[in-house]
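One letter stands for each residue in the lines below.
Number of protein chains: 2
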Amino acid sequence: MLEEMGKAAKAASYVLSVLSTAEKNRVLMTIADRLEAQSAEILTANERDLADARQNGLSEALLDRLMLNPARLKAIADDVRQVCRLADPVGVVLDGGLLDSGLRIERRRVPLGVVAVIYEARPNVTIDVAALCLKTGNASILRGGKETWRTNGATVRVIQDALRQHGLPAGAVQAIESPDREWVNQLLKLDRYVDMLIPRGGANLHKLCREQSTIPVITGGIGVCHIFVDSDIEQQAALKVIINAKKQRPSACNSLETLLVHADVAESFLPVLSHSMAEAGIRLHADPRSLPLLQNGPADVTPVTDAQLRDEWLSLDLNVVLVDSLDQGIAHIREYGTQHSDAILTRSLHNSNRFVNEVDSSAVYVNASTRFTDGGQFGLGAEVAVSTQKLHARGPMGLEALTTYKWIGFGSDTVRG
Amino acid sequence: MLEEMGKAAKAASYVLSVLSTAEKNRVLMTIADRLEAQSAEILTANERDLADARQNGLSEALLDRLMLNPARLKAIADDVRQVCRLADPVGVVLDGGLLDSGLRIERRRVPLGVVAVIYEARPNVTIDVAALCLKTGNASILRGGKETWRTNGATVRVIQDALRQHGLPAGAVQAIESPDREWVNQLLKLDRYVDMLIPRGGANLHKLCREQSTIPVITGGIGVCHIFVDSDIEQQAALKVIINAKKQRPSACNSLETLLVHADVAESFLPVLSHSMAEAGIRLHADPRSLPLLQNGPADVTPVTDAQLRDEWLSLDLNVVLVDSLDQGIAHIREYGTQHSDAILTRSLHNSNRFVNEVDSSAVYVNASTRFTDGGQFGLGAEVAVSTQKLHARGPMGLEALTTYKWIGFGSDTVRG
Numbered sequence: 005m006l007e008e009m010g011k012a013a014k015a016a017s018y019v020l021s022v023l024s025t026a027e028k029n030r031v032l033m034t035i036a037d038r039l040e041a042q043s044a045e046i047l048t049a050n051e052r053d054l055a056d057a058r059q060n061g062l063s064e065a066l067l068d069r070l071m072l073n074p075a076r077l078k079a080i081a082d083d084v085r086q087v088c089r090l091a092d093p094v095g096v097v098l099d100g101g102l103l104d105s106g107l108r109i110e111r112r113r114v115p116l117g118v119v120a121v122i123y124e125a126r127p128n129v130t131i132d133v134a135a136l137c138l139k140t141g142n143a144s145i146l147r148g149g150k151e152t153w154r155t156n157g158a159t160v161r162v163i164q165d166a167l168r169q170h171g172l173p174a175g176a177v178q179a180i181e182s183p184d185r186e187w188v189n190q191l192l193k194l195d196r197y198v199d200m201l202i203p204r205g206g207a208n209l210h211k212l213c214r215e216q217s218t219i220p221v222i223t224g225g226i227g228v229c230h231i232f233v234d235s236d237i238e239q240q241a242a243l244k245v246i247i248n249a250k251k252q253r254p255s256a257c258n259s260l261e262t263l264l265v266h267a268d269v270a271e272s273f274l275p276v277l278s279h280s281m282a283e284a285g286i287r288l289h290a291d292p293r294s295l296p297l298l299q300n301g302p303a304d305v306t307p308v309t310d311a312q313l314r315d316e317w318l319s320l321d322l323n324v325v326l327v328d329s330l331d332q333g334i335a336h337i338r339e340y341g342t343q344h345s346d347a348i349l350t351r352s353l354h355n356s357n358r359f360v361n362e363v364d365s366s367a368v369y370v371n372a373s374t375r376f377t378d379g380g381q382f383g384l385g386a387e388v389a390v391s392t393q394k395l396h397a398r399g400p401m402g403l404e405a406l407t408t409y410k411w412i413g414f415g416s417d418t419v420r421g
Numbered sequence: 005m006l007e008e009m010g011k012a013a014k015a016a017s018y019v020l021s022v023l024s025t026a027e028k029n030r031v032l033m034t035i036a037d038r039l040e041a042q043s044a045e046i047l048t049a050n051e052r053d054l055a056d057a058r059q060n061g062l063s064e065a066l067l068d069r070l071m072l073n074p075a076r077l078k079a080i081a082d083d084v085r086q087v088c089r090l091a092d093p094v095g096v097v098l099d100g101g102l103l104d105s106g107l108r109i110e111r112r113r114v115p116l117g118v119v120a121v122i123y124e125a126r127p128n129v130t131i132d133v134a135a136l137c138l139k140t141g142n143a144s145i146l147r148g149g150k151e152t153w154r155t156n157g158a159t160v161r162v163i164q165d166a167l168r169q170h171g172l173p174a175g176a177v178q179a180i181e182s183p184d185r186e187w188v189n190q191l192l193k194l195d196r197y198v199d200m201l202i203p204r205g206g207a208n209l210h211k212l213c214r215e216q217s218t219i220p221v222i223t224g225g226i227g228v229c230h231i232f233v234d235s236d237i238e239q240q241a242a243l244k245v246i247i248n249a250k251k252q253r254p255s256a257c258n259s260l261e262t263l264l265v266h267a268d269v270a271e272s273f274l275p276v277l278s279h280s281m282a283e284a285g286i287r288l289h290a291d292p293r294s295l296p297l298l299q300n301g302p303a304d305v306t307p308v309t310d311a312q313l314r315d316e317w318l319s320l321d322l323n324v325v326l327v328d329s330l331d332q333g334i335a336h337i338r339e340y341g342t343q344h345s346d347a348i349l350t351r352s353l354h355n356s357n358r359f360v361n362e363v364d365s366s367a368v369y370v371n372a373s374t375r376f377t378d379g380g381q382f383g384l385g386a387e388v389a390v391s392t393q394k395l396h397a398r399g400p401m402g403l404e405a406l407t408t409y410k411w412i413g414f415g416s417d418t419v420r421g
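Protein sequences appear in the order of chains X and C.
Reminder that position 299 of the first sequence reads as 303 in my numbering, one-by-one numbering, no gaps.
Reminder that position 118 of the second sequence reads as 122 in my numbering, one-by-one numbering, no gaps.
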């Protein structure tokens, strides 16, 4: 069946690739309208998913994440309308010129073709990804979390109604309508039809895709993010940034996990840090050198393990590690980081330049919170994923990351000499 | 051992990434000078490789391809000097601006880090890839064809002498000095240290890398290229382009493999084609509909198989297939092509537009030879590989394809609201 889905998606991608921006926007507007008009079908499916999830003992937080209601569907439909307003990157000529041979060449931005996305149990992602793919002329194959398979199926059927209304093939947006994990394994081998695979989710899914997928994969969304506190900081300013990076949304991949503190400032800064963290409700996990300086403070503190330094907390927990120099700080980030987002707090121009040049992460910050790594914050208008690999796209991926380019050569019966 | 090589390469990549263009060019000039000054070491290793290869019964053509002599080494050294003259893409700011949050961001081009290349038994590729990687601040791990392992080892030792002379780590350029295929399997799993893997070579190597590599792979260099002959062509002009695309260098991946002829013009064109191909020494392989029109002509002709239509000839052999329309021609290319280079010969603006928009290949041509798909021809100054996948780079890959970018955010203790 997946072979058939791939074939249908590829065929649909050829149709989508030649649509004008206006045509694509008309489809998106119809999708938004139908999401509201046909909400009953989606909400019924969602209720059944929710009942199963409740029976399987999912936490209230997770249940809330997969729950839809009319207000949420309205907000999602508005998001689709928002995608209409984004600039369409397809068709843009990147560069070109006249070659000595007489051939005129240009490099033109075109859709990727077929994009497959494996994602968590969040029904809004289904619509989000489908809309961004349609806007860029790509067909999509969607596989959401197994807890929302009925909701996703119903949502995609509404999208397909809109496609058909505009004379477009339903293969343009397809969902794998089954909670069975076996479909994922099959999807990973569909390189004949799928041009890009984006796994959103945990480290295990990424590992599975890296090891098993024959489709080019974009991985990301896992952030062990650091802030290096230099010896010359202003303490209150530093604390403001640290609290923002840790607390504003602890579950986000760009939130802070490890604070690297210059040893020269540890004795004066760590007691203040402990007070501030206790106030903010942040628990500390300290390395052997910082532990003695923290354990008399008001903040909760335990020794940190090597494994904890390599993993995301995604909660109000923060590692603290003392380093003797900027070099040691950079070395720690290279060894323990995930090349997502890392920041330096410093008043030294020299050190800020070194940090920016030598830390090899998708996003590096000087005197700013790591929380800025986000398509919306960066003004991309949309975010497909946050890539932590280096090929194709790095950091927040906007619409351009859903495109490639082709070389076009115009001749007059021109031959190579 | 490969783990150690990976670790050394990653460490060296940090050193290379902060070098200025002038510093990198000085190393490249030293490498060029030493390739000439230390040619004896390389030529001795090459003689031993050649002796083995001769004993193993390699053809004279292959022996010639792996043979070095002082003149060839001089030419290779000059190629390295040429790389100094190329513009350095590293450090270029792609875009940036001031966000509403007060954060100033920029996107800056940076090296990939560590690049691994698996390639055929051609000693010049060793130096070529090493030079292009150094120019872009990347460390490289090189695995050439098993017939040239001694030559490659000796060459890389000369390069490492030059690196050391400039105080740079030898880990910046490393060769896998063994003919054992097992090293390739290990290399494919080195994702912890290697940022990009480029397999140059046949379909089997590509398949192995796609299936087994945990490193992001760029595949390419396999071209089943088509020319569609429309019903309104001028026969002599068309023949000129066809002969150029097939004959100028049949072993190249951008050479023509299949001619798609509009049925309306077959009766008048195929007999002329046969004469012209016979003169050019090109053998024809015809589909059932074109066979009767070709078999009384002077050119050698046999029936073509489905498998032959899906494979590269890389010789003076050409498939001929009749199609009833442009749609059929495009459908054939989608089914049998490798998304490398495809051309249309037509006088119809409408058909040329449709071909350009609807054929999903790295390079599409109107009234021009497919042979133009080449970094040199396209003015890229260098060519690392020709990508036929869509992520990261498509078509001829120049120096830019050896880079990625990082996002840099400059704040004043700036937090996300």
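Watch out, some of these pointers could steer you wrong.
Treat identical chains as interchangeable: a pair holds within one or across any two.
[As the list claims (entries may be wrong)] List of simulated lysine to aspartate or glutamate pairs, EDC-like, C-alpha gap at most 20 Å:
no. : residue 1 : residue 2
1   : Lys251    : Glu45
2   : Lys251    : Glu404
3   : Lys193    : Glu110
4   : Lys244    : Asp104
5   : Lys244    : Asp417
6   : Lys193    : Glu215
7   : Lys78     : Asp268
8   : Lys78     : Glu51
9   : Lys150    : Glu362
10  : Lys211    : Glu7
11  : Lys11     : Asp37
12  : Lys244    : Asp68
13  : Lys14     : Glu362
14  : Lys211    : Asp315
15  : Lys14     : Glu64
16  : Lys150    : Glu186
17  : Lys193    : Asp99
18  : Lys150    : Asp310
Hints were generated in silico from the structure; no laboratory data involved.
Hint by hint, here is what the structure shows:
| no. | hint | verdict |
| --- | --- | --- |
| 1 | Lys251 x Glu45 | neither (38 Å within a copy, 61 Å between copies) |
| 2 | Lys251 x Glu404 | neither (31 Å within a copy, 38 Å between copies) |
| 3 | Lys193 x Glu110 | neither (33 Å within a copy, 37 Å between copies) |
| 4 | Lys244 x Asp104 | between (58 Å within a copy, 19 Å between copies) |
| 5 | Lys244 x Asp417 | between (66 Å within a copy, 8 Å between copies) |
| 6 | Lys193 x Glu215 | both (11 Å within a copy, 9 Å between copies) |
| 7 | Lys78 x Asp268 | neither (54 Å within a copy, 55 Å between copies) |
| 8 | Lys78 x Glu51 | within (17 Å within a copy, 74 Å between copies) |
| 9 | Lys150 x Glu362 | neither (41 Å within a copy, 36 Å between copies) |
| 10 | Lys211 x Glu7 | between (24 Å within a copy, 19 Å between copies) |
| 11 | Lys11 x Asp37 | neither (29 Å within a copy, 54 Å between copies) |
| 12 | Lys244 x Asp68 | neither (30 Å within a copy, 67 Å between copies) |
| 13 | Lys14 x Glu362 | between (42 Å within a copy, 13 Å between copies) |
| 14 | Lys211 x Asp315 | within (15 Å within a copy, 33 Å between copies) |
| 15 | Lys14 x Glu64 | neither (39 Å within a copy, 44 Å between copies) |
| 16 | Lys150 x Glu186 | within (11 Å within a copy, 39 Å between copies) |
| 17 | Lys193 x Asp99 | neither (34 Å within a copy, 36 Å between copies) |
| 18 | Lys150 x Asp310 | neither (33 Å within a copy, 41 Å between copies) |
Taken one by one, the earlier hints fail for this structure at numbers 1, 2, 3, 7, 9, 11, 12, 15, 17, 18, listed in ascending order.
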